Amino acid sequence: MEAGSIEKQKKAFIEQIELANEINKPLMLHIRNNPKDKKIDAYVDVLEILKKYSKVKGNVHFFAGSIENAKDFLNYGFTLSFTGVITFTHDYDEIIKNTPLDMIMSETDSPYVAPVPYRGKRNEPSYVKEVVKKIALIKNLPEEEITKAIIANAKRVFRI
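In this note's numbering, the protein residues as written are -5 to 154.
Derived from the structure by calculation, the hints contain no laboratory data.
Fair warning: this is a prediction, and the values are worked out from it, not measured in the lab.
There's no promise every hint is true.
In silico DSS-like pairs for lysine-lysine, Cα to Cα no more than 30 Å straight-line [as the list claims (entries may be wrong)]: (1) K142 with K49; (2) K127 with K65; (3) K149 with K46; (4) K149 with K45; (5) K133 with K123; (6) K32 with K2.
Start from the sequences, fold in the hints, and give me the full structure.
Written out as structure tokens, the structure reads:
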């Protein structure tokens, strides 16, 4: 990715933050690193910008950052959302274990990244239950408790 493109994205992101502040709405962050360029860390870039905007809150969609990134987003008041990826890798177990229940969301990212037992198939919204099951397993809590917490979190974050 060209440096000019990154600067344009940062400028657009700042404009979105300012708009969210102005209209009192949460941010929905979708952050992706470029696997071809390990020198650039989009999570670090986003966190650096958010330092200047402590009022804005929201959710980190399809969280795929480090445990350090997770701690920083949580400190800024952002919830972390997990997808079917957590059903076939243990990369996020420690992050989920250490994320307070009131800061967790779940999602499918449908039609992509189907959870186990649906790997290789088109992902469907109803498969989110597999993500919830995995979160419950990792946190050693009943699925019902996870479900209730996620619903409460969504209502709080999105003010519904």
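Tell me, which hint numbers fail for this structure?
-> none
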